Every structure is written in structure tokens, then in C-alpha cells.
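Peer 1: Using the hints provided, position chains B and C relative to the given structure of chain A.
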Amino acid sequence: MSRPIARVVVVGRDAAGWLSAFALQRAFGRTGLAVQMIELPSQLSAVDVYAALPALTNLHRLLGLDENEVVSACSGVYVQGQRFSGWSKAKPAFMHAYDTQGVVINHVDFIQYWVKARAEGLAVDLEDFCLGAAAAKQNRYVLSKDTTEAFSNAAHGMHLNARTYARLLKQCALKTGVVSTAGQIASVNRSGANIQSVVLSDGQIVEGDLFIDASGVEAVLIGAMPEAPFESWRHWFGADRIMVASGKRLSPLPAFSQISAYSNGWIGLYPLQNRTAMKCVYDSSGQSDEKAAEAIGLTTGMRIESEVVVAPLESGARARAWVGNCIAVGEAAVVLEPLDAAYLHVIQLGLSRLIAFFPVEADALIEADAYNADIAAHIRNIRDFQIAHYKLNQRFGDRVWDRARDMNIPESLVYKLNLFAHRGRVALYDHESFEIENWNAILIGHGLMPRTYDPLADALPREEQIGKFKGMLHFIAEEVRTMPSLDAHLEIHAPYRGAGAQ
Amino acid sequence: MQQNSIRNIVIVGGGTAGWMTAAALSKVVGTQNYSITLVESELIGTVGVGEATIPMITMYNNVLGLDEDEFVRETNATFKLGIEFVDWRRLNHSYFHPFGLYGVDMDGIGFGHHWLRWMKSGGNPDMGIFNAETEAARQRKFMRTPEQKPQTLPKINYAFQFDAILYAAYLRRYAEKRGAVRVEGQVVKVNQNAESGFIESLDLKDGRRVSGDLFVDCSGFRGLLIEETLQAGYEDWSHWLPANRAAAMPCARNGDPIPYTRATAREAGWQWRIPLQHRTGNGYVFSNAFISEEEAMQKLASRLDGAAMAEPRILKFVTGVRKKCWIKNCLAIGLSSGFLEPLESTSIHLSQVAIAKLLTVFPKNGFNQVLVDKFNREMQYEYSSVKDFLIAHYCVTEREDTEFWRYCKHMDIPDSLKTRIELFKTRGEVMAPPAELFKETNWFAVLYGQGIVPNDYHPVADVISEHDLKTRLARIRSGVQDRVNGMTSHQAFIDRHCAARPQTMSV
Amino acid sequence: MNRPLEIVVVGGGTAGWMTAAALAGVLTRQQVSVRLVESDEIGTVGVGEATLPQMKEFNDYVGIIESDMMRKTNASFKLGIEFVDWGYKGSSYIHPFGAHGKPTGSIAFHHQWVRALKAGRNYNIEDFSYAIVAARRNKFEFPASDQTAVNSTYSYAYHFDATLYARFLRDFAEARGARRTEGKVVDVALHPESGDIASIKLQSGESIAGDLFIDCSGFRGLLIGRDPANGYEDWSKWLPCDTALAVPCARASEFAPHTRSTAREAGWQWRIPLQSRTGNGYVFSSAFISEDAAAATLMKNLDGAALGDPRLIRFKSGRRLKSWRGNCLSIGLASGFLEPLESTSIYLVQMAIVNLLKLFPRNPIDPILVAEFNRLVDNEYERVRDFLILHYYANTRDDSEFWKYCRNMDVPESLREKIALFVHRGHIEKYKDGLFAPPSWLSVFLGQGLRPKHYDRLADNMEMGAMFEGLDTMRRSIRERVQAMPDHDAFVRDYCPAADSDRPHAMMGAHA
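Residue numbers (this note's numbering), protein chains in the order written: chain A, 68 to 569; chain B, 2 to 508; chain C, 261 to 772.
Just so you know, the hints here were simulated from the structure itself, not pulled from any lab data.
Any given hint could turn out to be false.
As the list claims (entries may be wrong) - Just some of the chain A residues that point at chain B, by a computed CB distance under 10 Å:
#, residue
1, LEU210
2, SER254
3, ARG301
4, TRP303
5, GLY538
6, MET539
7, LEU540
8, HIS541
9, ALA544
10, ARG548
11, SER552
12, LEU553
13, ASP554
14, ALA555
Small disclaimer: the values here were computed from a predicted structure and weren't measured.
Ideal Cβ placement from N, Cα and C applies to all residues, glycine included.
This is chain A alone, in the form it adopts within the complex:
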């Protein structure tokens, strides 16, 4: 006798917890699913920030959230990409914009023509042919119109004040019918592979058909399961501490996050409407917390004007995200440095795949294996993208960075790097979150210049190629000129009205 899932229990906190509860309630609430949230104490401080990739826009749409209202409430900022500086001591900073570079000409990708032109003396960077990058550098907000759609795929990421965002999600979730209890987990009753119920510290017993572990690194449910050991990625990501703080608001507002490498790690600046969030990810064996705080000031030229919050960090992933009837979402499943703004994206992946594979029979969770394979593949590819930054760094003489450059990397990434180094082509596997243009941006940005280019690019006569290149640059300059500044866009569409207004 088969029966549907009647009740999902989300054991979680902050954005991971509330997104899980909200998304499941919204997807299945009307089909008879009860979503119960056990809200664990928040781990967010006042200075925390969520940096999000463009995909979050899709999630917001599915959740019925007006993005401008979210940004407005969370003092948020739209960004066109991330700017990486200091990853090579000799080369200038580069922009990883969320947009394509150039256009396909005669069935050959633009980057091929660019590699060829570089060899012939062209001094223009690949990112200069990217509309999103140009807009980012001039702090513009990209409005897509008919004229740009043929050329560009520019999309916006976001910075959001973390606490406010979590609270907003909570309010929305509760409004859609999620039932919530605040508490802590005292013990878990398992029967075989499945969780029957959880017992709260106040004695309450909560039963469910499906349990979501969205408790962050604490991993209160999945962490205790031997079937899902945590596989550390310390050999690839050596940083073991993360510091968060806040500086004053930047004016004019930059339309990108700034990721600066320094001797012992990297520092991220994430502009918001009322402050600038700062993150420092570093190796504690290389420096103390105090020194790291100093490094923030020295590297960014900005003063810390808030409390400084420090936490340990260990990158890695569970062998399985879904064990029995328990599914780990977010950091309970995988922990990554915030280098590529993938924190919320990982949660979104976990939830969207869960909704697609939502079990149809409560007593036969056949979907688990397919889900695990899917998620694992996605995570692997994101992890590889992140490792690439470290592997390709050119900070010679800094212990942490020399070690990163020399490390053994996964075969999947070796293959990608080799093919690109040879020929400027990105081999995409199944289940990738980053597209060809993202890989192009960071590989070229870090200086991995392809040795050869596609010979089919030779068919384009030189004069025509120069003409097309000039045309693209001119087009980009003209378009950017018509774009409103990020400041103006936010002022009109999503103004932050202060802490009281929510």
C-alpha cells in the first residue's frame, strides 16, 4: 500500500532552514503536505552578508517574491559579477562578469578569434568584449533590451544583509502555512535507515515522513549518520578560518564584489546600500585573528567599523546528501569557501532537485540515489571551479599560495585545464552550474592563455575581424552609456528605507 509523504520536518536555521521550509510549502502545501520547521538558534551576526549568484532570481520568482522588495528590505545591491585582484602579483585585476564575451562568428566561438588576435598583438582584454563586465566597471545596472539580447546574456547576482534576509524568508514561510517551533535537537529516533522522529530539548517529539537537515555545519541530523561521512577538502582549500566584519558604505556603489588575495588568504568586499560587508578567509597557521583583521584594512584600504566575528571553516562534502529519509541541504551537505558566491546556490540546487525528485511514496524512497548522483555531480563541478582559482594563482613566494599552485587537483579539473590551455575550449560535463563564459572569464583572468586557437577562425579575413571587434567595443560603450547607475537604479526601484522598515 503506497501512501504519499504527509509531513516534512525541516530542522534548520537561517536562510538554509527557511528557504527549505518556504520552498517545500510553496511547492506542495496545496497538495496536502504539512511542513513543520524546527528553528534552531540563528548563527548569523549583524555583519553577515549573503552574496548570491544570478540563479537566485529564478528561485525568488518561484517563491513569488518581488526581487526589488527583497533587495530593498535587505539593504541589498545588485551586482554584475566579481572582481578578482591580487591573485597574480604581476597581472592586473580581472572581472568575472555574469555574461558572455563577444558573439559567435561563422559558427566559431568568439574566444578563438580573441586568442588569435592576441597572438597578433591585440591589446584588448577578453572581458572588454563582455557587456556585463563593462557595465560592472562603470557601476551601471544592466537593463536588457532588444538591442542587447542578441549580444549579451548579462544577469545580476545580489548582496543581501543576511539576518534581514533570513527573517524575511521566515515571515514569508510562516505566511504560507509553515508551522514553526524554536528549539534544539536533543536526540533522534532512527529505525533502520530512516528517522522516525526527533526529540527537542524541551521534550517535544516531532514525527515526520521526511527530514531536511538545514542546520548548517552543525549537521544535527546527517552528521550522526555513518552512511554520510564528511569528506574534508582541506588538501584543496587550506583556509580554516573565516572572519566577517563591516565597513562604511561605498559611494558611488560598485556593481560588483571585490575579491582580493593577500599573503595568507583572500578578502571579499560586498557592497550593500547601508554598509560594506567584509569577509576574510585565511589559514590560521599563517596568522592570528588580529593579524587577519589588520590584513582587511591593509588590503582593502577600508576601516572596520563594526564587531568582528570569527568562525572555524572546513571545506568538504558529505558522501551522500540523502540518507534514508533525511536530506541535507546547504552546509549540512557541502561546505565551500564563499569565493564564488555559491552558498545560496548550493541550497537552491539541493531544494530544486529535491522538488523535482520529491518522493511519491513515503515508504519507498527510490529517488534518493538519483538525487545523490545529481547533487554530487553539481557539487563536484562547483568545487572544481573554485579549485581552479587556487591552482592558477600566481602569487609566487607566499607559502599558502605556492602550496595551492603545487597541489594535486581532481582529474576532472586537470582535463578541463589541459583542454583550455591547449585550445581555449571549455569541456562541460553534465550538471554544471557555471557556463562556458564563466570558465572563460576566470581561466583567462588568471592568465591561462591558450597555446593554440581553432583554425576555423582563420577563415575570417583580418580586416573583417578588426571591423567586427571594433564594432563590438563601440556597441558596448554606447550601451553602457545609456544604462542607469546602480545607485540610481536602487534609489528608484529598491531603496533601503532603514532598519525599522521591513
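Peer 2: Relative to chain A, chains B and C alone:
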């Protein structure tokens, strides 16, 4: 009617009005075929209270072919982006009346309507963010708009704040260089033709006689020719604009000069603050029915933001206009033609308007009554429309904390003004005729600033979607920000282009 | 400027000439010199081909005009494949080019259909596929470009005479600079150090050198098969058919815009309608039926007079471990064989050519490009293989040993998982690139008799009444629009009539 050709032009009185007239005539009609004589006496002091102006002055400057930087340097001038009105609506409130335009008119209707729609649905009630001059003023910035094709960012409209005495002196040098003749002397008798009544000559105290065909009366309030001789008559407007005195005194600079004038409402009138390069001009415009001259001068002296540099002087006046500004062969320009308090910096403009009209109808052989009547009608109209605009500042107020303000708030106002205010209250526009000096933007700034929030707006503003409206507004806002971000500070601009020579003497 | 890459294509037929035509059509003479070696003595397989919609993109890429090609190859249009007797005797389903219904948000259409089924409304899934409804009524017209129109939800491919197609491509390629050399390859000379091919020697004694050698020599794999390390991965345990008998027959009056595949005792029979005749063939496993019995079945089941004796072709399902090794690239049958059950042969040739062009090498050829080519090609082959196996595996026939064998095969794990997920909850995986898209899997799953036990719960968000209304409306609008379509026959006569429709056709030879 005299049939002789007009050859000799005599201007009675110096100061800004006299020398502006002399300079313009010397340029436009020249001294080849005409003689231009200006009679003034150094004994009779000129008013010179530190002037602020409006952008129309550049038209006059262009007619003369003045180099702007030289003009600014010679007159210790600073730049002006608008006027800040402090405490007019209520105490501790201020609004800015800028030059230029708010936003961009779209879809055939004024920007104000689009803005009202947005503001009423939760948008920012500060309209100034869509005006480059306001934002620049707030940040103490100034820059002339560079030539650029195409011009994608808003232009900066500006005027000047200068030392009126230096301005008169500058224009005197200009006029004399072009052949205008200055005669030092006091007029003691005016000789008219027995039959026609036309003025034929002036007798000076030292016995000289100055003859002329055309006489321009720039003799100030007394109207030596137009009133004392030709009895034009005066229309008194003091029941609407009760101020009848001004106490003026200069004080030392307080930091870098700001690029705008400030008008602060006071207990019985208002106080101006006009920053020049070398000092700040201040004045208290008041009604002696509500405060004594003594007290007004004391109050003024106590409210300076720099050390006083002279004793306050009192000016007496009656707000109003000459019933006829041109009679027979004599026309009045400047204070002799009428007076409106400098609340919106209109004095010099009204003189320049009169000069421009004179040039337009400049007589050749004799005087054409049709043209004279036209001149008179138009000058009446100019003064009258400015008058209404000034009254609006007073009558639209929330203040009732002094007798003066209670009077202003409840006084009877002209019907023309009443209609305008009603229309604005109803739907956010005043429909000002194109011939008037003050346009929709100006009325909007002042009426909204003084506290009227229109109930509604033009229906065409509702046609586009909210998203499209916001997109347009963001673009406009962005243009303003980009323009202002590219501007230097006011002081830096002056230093770079038109710093006056250091003053050893100050007036 | 580098000198042009010297490419030598060994073998004609569709594979060889598609390769030559693509290289000559896309690349300039400064970039490549193309030489094709074939022998008129060696017949080509040419079994009357059906193709997939991807062919259109290929034609556009290479510069081939559709109507021109169709006119010269006796071609007709194809909206899908009808599978008769495959699930069980008496069944018929069509695998269409195009979607069934319309998705609701992220939920695929068929979940609505399953939901309706469980609620007692037994809709025929085929009623919601525009291509199927049109195919069954022998209608054809080009799909609308307006994405909101109901007749924009499908695509099409072609049936054509493979020999004429090869001829057409040859003319196209030679006009663009490809050179043909008549001759038989008897020997291959290698570079001593690298082991790469230096030149090939013909029977005439002529030696032809090259930078890149493309082996389109069919099953024999004259070049690629020389390397003992590059073995052949045998898939015959999953795809047991190993023989085909092919014969053309006179056209029926009815001109169907689809291929038909009828399951037989030990395999299946194809029917491909061309303008002037119909191509037929029986693909069977010699372990389960004799050649004579097979021939008898074939001849008995023609819908027009046979136009010759049946031709025999033997094959082994499977593929080379590496399609590309060193400077020798295999395309077509030399690279692998998957029976034409889903018309994938030409597609796999096209796919290899497109990947070659994407990874076009300079001299010397970099192994990194070779590895990437093989990775992409391997992926496609495996997915197509699994899809084909599904047709055999998911059957309920118990009337012959062949079908019993098929039903009990130990199929690849990847396929087993796909079937389990579909049967459990109607889930079909969507690939980023390559075959087969979810509508294809859906039509075969359902056609072969598999029914999902459950459907995607998200489908429950739609109110049931509204859902039924939507389904009824969709069904009706498809039916109405199809009614107004022109007949396939009239459309083809108007658009691309074959040059001499009454010319008796040379027998299709058989290239080894």
C-alpha cells in the same frame, strides 16, 4: 510728435540700471551715429546691496559680448544654482528653488506629473534628486557644462552673485570705452518743450546743460523724470507685499562660498545671504509695521555667520510699479520703473528686460505711440506676473507664529494667483502662459516647497506601467548623478577659471 | 599562415561524402585539402535512409539547400517512426519529432496525463502530439515560427535514397574543391616513431599521403581496424540482431510522412517511403531465424511489387573503443554500428563531423583534441545504445524465443535506473546536449507498455477540472489544425518533386 531723428540719448543716474543701459546702447546702437551721455553724481549713493541674478543675464552678457570669466573676476562674483528657502513653509524646514528643470518631460506632459505618480505610490518625496542644479548645490559643486555631442547628461543652468557696485563700474568702463560719455553732476532742473511736454534738456548744478532726444530715467525710487516731471503715477502693491524696508550689511566670508543664495524667513520679513568671492552680502527685508528699523538692524547684525564688515544701511521702498514706464520721450529703467523685493533676484532682470524692449522698439524719427503703449503694457505684465509669484511665497505658508506671518497667511490675494494655487492643488500644474518669466518648474518648486501637495496629476502619467516609469526615473536620476559626480567644488572652479584679484578695500 | 591540412577520406557512401561535403563546404581551400578514395567495385550499404531533425542544422551549417537535396534524392518528409507490434502484437505507437502537450512551469506534460489516467480518464497520449496526429493522417507542412501556435511544437526530418544522397553530396563536395580518387586501398604505411599513418597505398600502386585520415570504409575499418589495441566493444548481447535483408518495392498510393518499424518474429522490418518507391528491410538475429525464413517474411510483407531481389548485409552491434586514434579518425560504420531502429546512423555521422569541426586540429594533431572528441562521441553512442535497447527489453511478447531473450537480457545499469525511475514516478532525465530528448523516451516507454505508478506531485497543484479542460482544448485544437494541413503527397510534389520520378532505380549496392 517730434519729427526729428533721434540722435542724442541721455541717461539720468548711474548704478546698475544706468550703466547697463549705457553699455547696451553703446554696443548695439553705438556712438558713431548717436551720442550716449550718462549723468550721475558720486554724491548720490547707489544702492548696491550685493546682487543675485537669474540665468537670463547671460543673454544680456552675450549681447555685450562679455567674456564670462573676466566678468566674474571683475565683479568678485560667485555662481548661483538657485535659492534655498529656509523656514518659509514652517520653522526648521527648507526647500530649494533651482534653475533648470526637474527631470524630463515625457509623453507630452510635464515631468511633475510622472513624479507625482511615483511619489504618491511610495517614492521619495524629495524632487530635487531629479534636478542636477539642486544636487550640485547640496554638494557645494559647480561647473559649466562642457560642450559635448551628443549631450547625454543634463545641462547646468546657472547665474551669478556679484558686487553690484563693481558690476556698475565694470559696465561703466565698457560703455566709456565704446564712446559713452559720463557727466558728473546733479540735475537741478528739467526743461520741457512748452507745447509737447517732451523733455529737451537737463540743467546741472554746476550750470551745464545737457540736451537730448531720448531720455532714460535711471534715477532710482524718486523717478526724477518719469514721476517728478512727467507724473506717471505709481501702483502700490504693499497690501500684498507688505515689506517696505531693507537693512543691508556685508560680513566676512565663512569658509568657501556656496553656489546659491539663501533666503531665510524671519519674524517680520526675510533675510538674504549672498556669497561673493571676497565677502558675504546680507540683508533683512521687512515691514516697519511689524518691526522697528532699530530692531531689524540689531537682528540682522546678530544673525551673520561672519564678522560684520560695515554698519547696516537702511533702504526704504514701496513695492509697486509705475503706471506708465514710458511717457513721451522718456522711459524709466530700474528702480524708477518699479520695485519688487529681491526675493527671486528679479531686479536686474527687469532692468535688462526693459533695455531689451527698448532696443526692440528703438525709435528712429520721432516716437510712435503704438510702440510706446506696447512697451508700457509689456512692462506692466512683467512686473505683475513676478508680483504674483512673490506673493505665493508669503501666502502659502503654515507659519502663524508672528503677526507678520498671520497677516501674510490670511491676506487677500489677487484672483489670478488664487486660480493658480487652486489648479496646482487639484492637479499639480499651473498652466503658466509662455510669455511669463516663471515657468511650470519654478511654480512647482515654490508651491510644493511651500507645502502644497497636489491631490492628483495628469491622467496620461498613468499610462505606462509602474516598472517602465521606474526605469525612466532611474535613468534620469542616473544622469543627474553622473553629471554631478563629474563636477568640481564651487571654490575649485572659481580658483581655476575666474578668481578675483585679492581685495584690499571692501565695500 | 599554415599550409592547408591534408585530409584523406577513405570510403564513399553517406559517411565518406557527408564528411567530404562538410569539410569542403565549411572550410576554405587555405585551411584544408580534401581527398576521397572510393571504389565503384565496393558497393555501399545504402539501405534507404531515414534521418533525424538535426539534419536540418547540418544542412544549414554546410550550405546545403533543403529543396535541392530533397529533389535529387527522391526524398520525403518524416514526422516520426511508427512502431507496430513492438509492445505486444497488435500495438502501434509513434515516436514523434516534437513534444507531447505543453509543460506547466517546470512540470512535464505527461504528468498531467498520468494524473488524468489515475483519475479514471484514459486519454490517448498520442492525441496531444501534433506530429503524431499529422503523421497518422498523412499530412505535412512546415512548422509555424510563432512559438505560441499549436503547429509550432514539432520538427521534421527526411527519408531519402542513400545512394542518391551520397551522389548529391559528392557533387556538392567536388564543386567546392574536394577531389575524388577511384581506387581500392591495399596497404597502409605508418610513421616509424609515432605509429601514425603516413600514407595509404592503392591497388593501382599510387600512394596518397596525408595529415589526417578519415576512415569511412564501413564495417571493415580498413584503417582504424589495423590497430590491435583499438578493439571493438561488442554490444550484441543487448542488441542481438546481426543481419539485414533489404529490398525496394513499388510505392503504395498512400504516402506516409513517417517511417514504420514492424516487430517480427526475430527482429523487425522497416518501411521507408520515398517519392518513387518504398524501401524495406528485415533486421534480424541469425541465431533466432534462418536467412531464407527471414527473406520469406520480408517478401510477404511488402505493400507493393518488389523491385528486385533482397540484398544481404551482415553486421555486429558495437563500436570501436576509440573513434579517433593518432591521426586516424573513423566515421560511420567504421566507427561503430547501431541498427537503424531509430534512424541514428546518419545522425552519428553528422555528430562526429560536427565534433571534428569543433575540435579541428592543426598539424601535428594534439592528443588533447583527440581525447575530447572521443569523450563527446562516446557519450552520445552510449545514450543512443541504451535507448535502442529499451525497445527490445521492454516488450511483453511471448510468441517467440527472440522476444523472450530480449525480455530477459541483463541490460546496462544506466538503462535499468532510467526505467525504474520512469515506472516509479514518470521521471525522464533531460540531457544538456545530444540524444535522446525526453519526448522520445516518453513515447517509447509508454508505447512499449510501461506505465508510471505515480506522477510528479507538483502536478497536483492544478485544479483537476481546469486540467481536464486544458487537455480537452489542446486535443481539439491539434485535431482542428491538422485537419487544415495539406497532404504529404501534395506538399512534396509541390515543394521538391524528384527529377525523374519514374526512372527505375539502380539497386542499392552494399559498401562493406
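Peer 1: Tell me the hint numbers this structure goes against, listed in increasing order.
Peer 2: 2, 3, 4, 5, 6, 7, 8, 9
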